[in-house]
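Just need the whole structure built from these sequences, with the hints factored in.
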Amino acid sequence: MAQKLPNIHKDALAPIDMVRYSGASGDFNEIHTVPKVARQKGLKEPIAHGMLLMGWAAEAIEEWLPDRKLAKFTVRFIGMAHAGEAFVIEGMLTTDTTGELQIKDASGTGKLMGSFELI
Amino acid sequence: MEQEFHYAPFRVEAGKVREFARALGLQNPVYFDRQAALDAGYRDIPAPPTYTTVIDFWNERDFYQLFSQWGLDPNDMLHGEQSFEYGEDIISGDVITAKAVLTDQFDKKDKRFYQFETTYRNQNCEVVRIGRATLIERREQHGAEIAEHS
Numbered sequence: 001m002a003q004k005l006p007n008i009h010k011d012a013l014a015p016i017d018m019v020r021y022s023g024a025s026g027d028f029n030e031i032h033t034v035p036k037v038a039r040q041k042g043l044k045e046p047i048a049h050g051m052l053l054m055g056w057a058a059e060a061i062e063e064w065l066p067d068r069k070l071a072k073f074t075v076r077f078i079g080m081a082h083a084g085e086a087f088v089i090e091g092m093l094t095t096d097t098t099g100e101l102q103i104k105d106a107s108g109t110g111k112l113m114g115s116f117e118l119i
Numbered sequence: 120m121e122q123e124f125h126y127a128p129f130r131v132e133a134g135k136v137r138e139f140a141r142a143l144g145l146q147n148p149v150y151f152d153r154q155a156a157l158d159a160g161y162r163d164i165p166a167p168p169t170y171t172t173v174i175d176f177w178n179e180r181d182f183y184q185l186f187s188q189w190g191l192d193p194n195d196m197l198h199g200e201q202s203f204e205y206g207e208d209i210i211s212g213d214v215i216t217a218k219a220v221l222t223d224q225f226d227k228k229d230k231r232f233y234q235f236e237t238t239y240r241n242q243n244c245e246v247v248r249i250g251r252a253t254l255i256e257r258r259e260q261h262g263a264e265i266a267e268h269s
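As given, the protein sequences belong to chains W and S, one line each in that order.
Once you know that position 28 of the first sequence is 28 in this note's numbering, the rest is easy, because the numbers rise by one and skip nothing.
Just add 119 to wherever you are in the second sequence, counting from 1, and you've got this note's numbering.
No lab work stands behind these hints: they were computed from the structure.
Accuracy of the hints is not assured; some may be wrong.
Label-pair distances were calculated between CB atoms; the ranges are [claimed, not checked]: (1) W:63 <-> S:189: 31 to 39 Å; (2) W:90 <-> S:189: 33 to 41 Å; (3) W:37 <-> S:230: 17 to 25 Å; (4) S:125 <-> W:100: 32 to 40 Å; (5) S:218 <-> W:71: 15 to 23 Å; (6) W:15 <-> S:214: 30 to 38 Å; (7) S:125 <-> W:44: 33 to 41 Å.
Capping the alpha-carbon separation at 20 Å, the derived lysine to any residue pairs in SDA-like fashion look like this [claimed, not checked]: (8) W:72 <-> S:252; (9) W:72 <-> S:241; (10) W:69 <-> S:246; (11) W:10 <-> W:85; (12) S:135 <-> W:23; (13) W:72 <-> S:200; (14) W:69 <-> S:151; (15) W:104 <-> S:197; (16) S:218 <-> S:206; (17) W:72 <-> S:234; (18) W:72 <-> S:210; (19) W:69 <-> S:161.
If you want a taste of the chain S side facing chain W, the calculated C-beta under 7 Å gives, among others [to be verified]: (20) 139; (21) 168; (22) 172; (23) 177; (24) 200; (25) 201.
Keep in mind it's a predicted model, so treat the numbers as computed, not measured.
Note that beta-carbon positions come from the ideal geometry of N, C-alpha and C, so glycine has one too.
Put into structure tokens, the structure is as follows:
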């Protein structure tokens, strides 16, 4: 009874989106917003907060299943996301109360894999 | 091994929920409009599913103090996994207390992993969320390898 959920497309991430999420969440780790610090830490450029992607994933579940509520939600951050990348969220309802989702960039590289359980 | 960290009690405010929801680009009106929240059966504006980040970071005793207590540099840490179990809703006006416990720490492939569990309770002592996180400590020498991976 697995049921594919419609893909959700996200616009290209802008550096200001990471700044805005830093301010709203309070996660001011500089590897997300300050290119010099990101480079010092061995990254080629700032990386998006994992929790920014998890927030999008949670919204995707709300959009797919507006009348349901989350009981559990688990994600693995499998790749770093950067400014300039656009994303697609793919999801699947595996049973009446469980599902899986992924966030990928335009080239199909995975950024987040998750599973959820609904009440 | 068990190390505990207590966050300060944190009041959930509708304006902060709105700001957080906007930063994520959320569309659901319950996060922005009290009447929409009431119509949806909430007693006030609810917090989005990943809102506990705000409780961790915008706190008098915050996540950076937890890192400092555990001897970690925040800019060396990557988030590997995150899970939430949902109990009662978190609603604007609630005062949330939270306790984090370091549940495991191990080395794998030259990286150090930290697992911890945070239990969030509301003013009625009801569990609203249990968060479980895996953080990965990158040391300088791992930089090139991780940059390649990305």
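Violations among the numbered hints, reported as their numbers in ascending order: none
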